[in-house]
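Asks: Here is how the chains run, residue by residue.
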Amino acid sequence: MKYMHIVWKNLMRRKIRTIFTLLSIFVAFVLFGFLMAVRSAFSMGIDLAGADRLMVLNKISIIMPLPASYKERIKGIEGVKDVTYANWFGGYYQETKNQFPNMAVDAEGWFRMYSEFAVPEDQHKAWLADRQGAIIGADLAKRFGWKVGDRVPLQATIFARPDRRAWEFNISGIYDSPVKGTDKTQLFFHWEYLNEAVRSTQFGNQVGWYVIKVNDPEQATGISKTIDTMFANSPTETKTDSEKNFVAGWAKQIGNISLMTQLIAAAAIFMMLLVTANTMAQSIRERTSELAVLKTLGFGDGRVLWLVLMESCVLALAGGLAGIGVAWLFVTIVGDPTGSFLPQFFFPGTDVILGVLMVVLLGFAAGAVPAMQAQRLRIVDALRRG
Amino acid sequence: MLSQIVAVTGVNLRSLRQRLGSSAVAITGIAGVVVVFLGVLSIAEGFRAAMAGVGDPQTVIVMRAGSDTEMTSGLSGDTARLIMDTPGIARNERGPIASPELFVIVGHPTRKDPSDANVPLRGVSSAALAVRPEIKIIEGRMFTEGTNEIVVGKAASRQFANLTVGSETKWGQNRWKVVGIFDAKGSAAESEIWCDARVLQPAYQRGNSYQSVYARLENPEGFQAFKDALTSNPRLSVTAIPEPEYFAAQSDVLNRIIRTIGFLIAGLMGIGAVFGAVNTMYTAVASRTREIATLRALGFSNFPVVFSVLSEAVVLSLVGGVIGGLIAWMAFDGYQTSTMNFQSFSQVAFAFAVTPKLLMTALFYSLVMGLFGGLLPAIRAARLPVVTALREL
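Chains as they are written, first to last, in this note's numbering: chain A, 1 to 386; chain B, 1001 to 1393.
Please keep in mind that the hints were generated in silico from the structure rather than gathered at the bench. Remember, it's a predicted structure, so these values are computed and weren't measured experimentally.
Chain B regions said to be covered by chain A (calculated; three or more residues, Cβ under 8 Å):
#, stretch
1, 1014–1025
2, 1064–1076
3, 1254–1267
Okay, derived cross-link-like pairs now, EDC-like style, lysine to aspartate or glutamate, Cα gap no bigger than 20 Å in a straight line:
#, chain 1, residue 1, chain 2, residue 2
4, B, Lys1170, A, Asp228
5, B, Lys1154, B, Asp1183
6, A, Lys252, B, Asp1116
7, A, Lys142, A, Asp183
8, A, Lys213, A, Glu78
9, A, Lys71, A, Asp82
10, A, Lys97, B, Asp1252
11, A, Lys225, B, Asp1116
12, B, Lys1170, A, Glu237
13, A, Lys244, B, Asp1116
14, A, Lys239, B, Asp1113
15, A, Lys244, A, Asp183
16, A, Lys244, B, Asp1113
17, A, Lys252, B, Asp1113
18, A, Lys97, B, Glu1245
19, A, Lys239, B, Asp1116
20, A, Lys97, B, Asp1068
21, B, Lys1185, B, Glu1139
22, A, Lys75, A, Glu108
C-beta atoms are modelled at their ideal positions from N, C-alpha and C, and glycine is treated no differently.
Here chain A stands alone, though its shape is the one from the complex:
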């Protein structure tokens, strides 16, 4: 650390160049942070999917329903700890552009299944008691300014009411979650409320999908098979898979966003590597005679190498860490840039660590060649050249 002063002086000899190099590195790492948040948004919370949860869907297609009567039969299967179900409602608030996930769920078991959604005890009780009640995510509450006690109309797209009016819900509670990246943009209401109104239509006594909790994740594959065999050759066959595979399949259908963001991030960081290396090379070229003087004064080859490396590392660290910090602030405070389409838009901790590693790597890589040149410099040649 005692050479910090020399490193500092060297960096300050061409302030503008140092500033612009810093800024390039800074921008590259802001971009890195942003891309990692995009990647996590499009992986759709796959890391949060419960390993002990299975999804049971209609085998033909996700839009086809399953009979509500399957619940008891699934419950009877050995190894199944809990069963709950939901139906996609697909309503919107006032205008079609105000869409968000809203589902009719099995009130009794839903929040027992999804324990990561934290609902205050009294609000949960109030919800169970109110058939028109709904529990909404904290982000959704913020988006429309809804509070507990509000009465909210939703326009139906699939389940038109016989009288064609909007469906009305009372906000009974708001869920939040300590886990980063949990989708807090959803609205859940009583499946009974929906079923009551559509009982006489083809949607009566139907659910969209079942969610199952198993005692032991190791047995998940076997239980999936048991369920699918149970309903094989019936008019409504099922397809059971782990929640993780379901989410992964969904994310995969959107396309390989993960690979794309990684390619872009790699391109950006490589560009910054070039810029920084170029700057370092240039500043070493300019200082050839100074380095020779340092060596004449008794600085060893190794020490000169370290001086140059330190200089490029200081540049990389200052710019890179600031970039990661700003990206983190942006992603945390501003959040989803598309408004509300990407609820899992956040900067995962592992990627922050990865970013810091990249910063250090950039510092060493950019300084390597100039540092080696400085190390090899022969005093006589260098002084003569200057």
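Since the structure of chain A is provided, determine the placement of chain B on it from the hints.
Replies: This is chain B only, laid out in the frame that chain A set:
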């Protein structure tokens, strides 16, 4: 003055070769930005082209009032009949050119991956091809009405496993036989599979109901009259949308996501590249301090010096822009892929499109980046006090 500009700029550009290293850095930086910019926007452009490219204003889609996608619409058989009898629809010898349709999705594996993707399956009526003149059967034949035969869009056949003419597939309890492949001039319809609506109804427990009616108008100007005729019918509660508008609305969400993220990424990279270019140009100016000072001592005025530095930056950025554009065009243009459209939950195949317009935009941006990058160093070069500059180095 002019001769000064030409002379100094000429010297500058000719000496570029001696600064090859740092010039290459600037060029690579700008080329990188252009590649990413074009890559991201060609996705948006290709998706837009697939969704809206061939929408025909003479074709109208009628759905239940309040529905914004076919997925959520529902029309009874009687309603569909009433819609088809509304005046304004073109007719041929078989009656009104209108097709009541069902739109569902089925799980079907892709060629690359054995896990299921959501494939759109459309039940159509006999007039479907007459309603959409742009769609042609290019292999095999149209399905026979009343049978479990299907025709498959070109893109779906390419993207999904086992959907070539002659192959059989099973969804639920029903077996289907592929008898033909159709071309829809690259539009989203090419991602669909078609069958007879009347065969699909019982298979999906839809009774005698449909989700939409596709109708061909007598003339493109007749839309308002047709819409009025529908709304004034007390027995109907439906909305009518011209095909181009409907398709554009269908791609709205995904387009917005791609564009917001794409522009943010390209914007950030652009800023980074400008900083890189500034640095490169400073380095270029710094290494030529004595040369520039000599020029000014000889009597060259400031403007030619500024101009020469700026033009060097612009040339570098244009070279970068062209290289980046070429790479992006070769790497991405026409690249076939598919994604899930958020509004119908189903797969849409499309090709990345690096259009001439996008290329021009990218070149323009690289020019702007070059100008910004060169400006400060150019001013510095002009301001250099001659005496100190000559003494430097």
